[in-house]
Each structure stands twice: as structure tokens, then as C-alpha cells.
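Got chain A sorted already, so can you dock chain B onto it with the hints?
Protein chains: 2
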Amino acid sequence: MKVIALSGSLRAASINSALLRAAARLAPPGLQIEVFHGVGDLPLFNIDLESSVPPAVVTLRAAVSGADALLIASPEYAHGVSGVMKNALDWLVSLESFVCKPVALLNAQPRAHFSDTALRETLKTMSATVVESASVSIQLTADTLTEEGMLASPPVAQAILAALTDLRAAVLEGGSRQGPTFPVR
Amino acid sequence: MKVIALSGSLRAASINSALLRAAARLAPPGLQIEVFHGVGDLPLFNIDLESSVPPAVVTLRAAVSGADALLIASPEYAHGVSGVMKNALDWLVSLESFVCKPVALLNAQPRAHFSDTALRETLKTMSATVVESASVSIQLTADTLTEEGMLASPPVAQAILAALTDLRAAVLEGGSRQGPTFPVR
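Chain order of the listed sequences is A and B. For the first sequence, numbering that gives the first Met the number 0 begins at 0 and goes up steadily by one. For the second sequence, numbering that gives the first Met the number 0 begins at 0 and goes up steadily by one.
Isolated chain A, as found in the complex (with noise of 0.2 Å):
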């Protein structure tokens, strides 16, 4: 089963972006967390891009495509969604393999609601499914805003295995749900 994850700040440092790496490293069985890197490649979005789709497009496209599901954490600027995560789910909109696509949100601000809240409307208007109970906001403290400290810490450790055990758990109920419609015999 694999996981494609996106992050929303292109920062060397970004909290965000050691949520995701600390999340690969604490997969559960069976679950493969690959964490995208070419969020920061992509061009700005402009549909008249796509008589010559840009390789960076076809790359990200072709990831999401490949995944069972998306993990997702991405900082909130100014109340909003960061203008490089809502870039990287326009070049998504309307690609077919999105629609049922199983997404968790990890929200690494727990204090900030509006861009966690505005992410899920949009997921959910792209037909996206998103994993309530995989979609957490995760506690950090000074100690734990680094991939080490994350994974150093058991509170934190264990509410993202949590998370992508619940999310393991969705994909493979989907997959079930979405099996034959055809009678097997």
C-alpha cells in the first residue's frame, strides 16, 4: 500500500515537512509513506498549460495516481492555505484517479483552524475522500519540531502511527468496498 505525501511549505526547515518525513519513518506494516519532492517544482497553475502539460505536472500527477492514498500537512499563512499547497491541488483538480482517493491531514498547528478547515473543503470538492479519523492535529513543543524529535517523542510518535493506522485501516476497508461488483464464482 502505498502513500504519496505532500507538503505544503517549501521551508529547508519546515515543521510540516519533518511531520512527513517522521511519518515515513513510522509506517505501520504493509504501508510505504513516500514523501513528494517536487512540490516547489511546479509552475504557478494556468490552465493554458495544458496543451503542453510542464514535466513537473506530469510527475506530480503520475505520483498521485500511483498512490493509495495522500497524506497531507501544510502550514497556515495569514488564515489561509499556503498559495504552494493550494498550487499543487489545482494541477490536481479534475484527474480522474483523485475522486475517492483516500487523504489524511495532519495539522501541525492545532491553534490554527482555517486552512485545516478550507483544505477539506476543497479535498472534498475535488471528490477526495478525507480519513476523519486519520486527519489529526498533533501536538508539538519546542523539543519536538525536528524529524529526531518527533520520533523521540512518544506522545508524538504515537499519534502519527495512530493516524496511519487508521488510515492503513480506510484504504483497505475502500479497497474492499470497491472490489468486484460483478458476482465471483
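Hints listed in this document are in silico derivations from the structure and should not be mistaken for laboratory results. Each hint should be verified, as a subset may be incorrect.
In this list, chains with the same sequence are indistinguishable; a pair is considered to hold if it fits within one copy or across any two.
Keeping only pairs whose Cα atoms sit at most 25 Å apart, straight-line, the calculated SDA-like set for lysine to any residue is [unchecked claim]:
| # | residue 1 | residue 2 |
| --- | --- | --- |
| 1 | K1 | K123 |
| 2 | K1 | V135 |
| 3 | K123 | F113 |
| 4 | K123 | R110 |
| 5 | K123 | S96 |
| 6 | K123 | P109 |
| 7 | K123 | Q108 |
| 8 | K123 | H112 |
| 9 | K123 | A111 |
| 10 | K1 | R60 |
| 11 | K123 | H78 |
| 12 | K1 | A55 |
| 13 | K123 | R24 |
| 14 | K123 | L171 |
| 15 | K1 | I46 |
| 16 | K1 | R24 |
| 17 | K123 | E146 |
This is chain B only, laid out in the frame that chain A set:
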């Protein structure tokens, strides 16, 4: 009085960009509107780049700092602010001259409200002054989706002119409110 206009769409045939060009031609006396053409040249926001600010960002910040007001028209994608628009705003967060900057939001999709609401929240968080009387929805029809069509339509042209007149009044009022705070002798 100078107004910088920002479009949230990079499409050549963008209705929002057409609306801003029409506004530039309809500007009432004393108001000069310049459509900013560098939104698509901006890199994706990355605070790490602040150590050597990219030229396109320098240009945007200088244009905004030199303007008495902003005029924004942006499409709604998947019930959210376009990544293009939010990316431009992300580069303006913490810009000192953004504080109390009068902003008018034109909405070319009256039935769309998610982006409009989110933009207001973000602009207010950035300490801009959203001029409500100048922030209007413009009802467009099949004949008025182009700059020329908008100019040729009395109801559309009048709606744009009314918004701009209100924006001009708000800038004048703000200017007098922000006048000398010491006794003038």
C-alpha cells in the same frame, strides 16, 4: 491616486484579468489603475529565499508599497482561493506598507463565495483594510466575459465604476484620517 490590480488567474482569456483591464479603462478621474503583470513570474513562496529576495518579489512589493490601494479579482478553484493569488499574498505577509492598505475585491462569480470569504479573512489578517462598499460581485453574462464586452455593457460598466468610485472615496477618507496627528499651527 494609484491603484495596483492583481489577478488570481494566469489564463490568457481570464475573466478576472479582463475585469481588471476593464476597470483600468473605466477608472474615475483622479484614480489610476495599473494591472500588475508579474504575478505569474513569482516563485512559489519560500521564506528561505528572504535572504536574497527574488527580483519578481522585489517588483511586486515595490508596486504594492507604491500604491494607494489594491484591486483584486481572483477565480475560485475547488471551493478555494487560487494558488496563484494566495502565493502572491504569501509574499506580501509582513510587508509594512500592507498595513491599513485599502483593498477592493471584485468577484466575477457571484455564486462562488468560498474564495471571496477566505480572501477577506486573509487580507484582514494581513492588516489590510477591505473596503466593503467597493468589494462587489459583478454579474456577467455570455456577452460580458471579455474586456470589450464588459465595457460595452452599461450594467457591468456601471457596477465597476461604482466600485471604483467607492474605493477612491475610501482612499481619500483614509488619507485624511491618517493625516497629521500633531496640532497643525
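| task | Return the numbers of the hints above that this structure violates; sort them in rising order. | result | Violated hints: 13, 15 and 17; rest satisfied.
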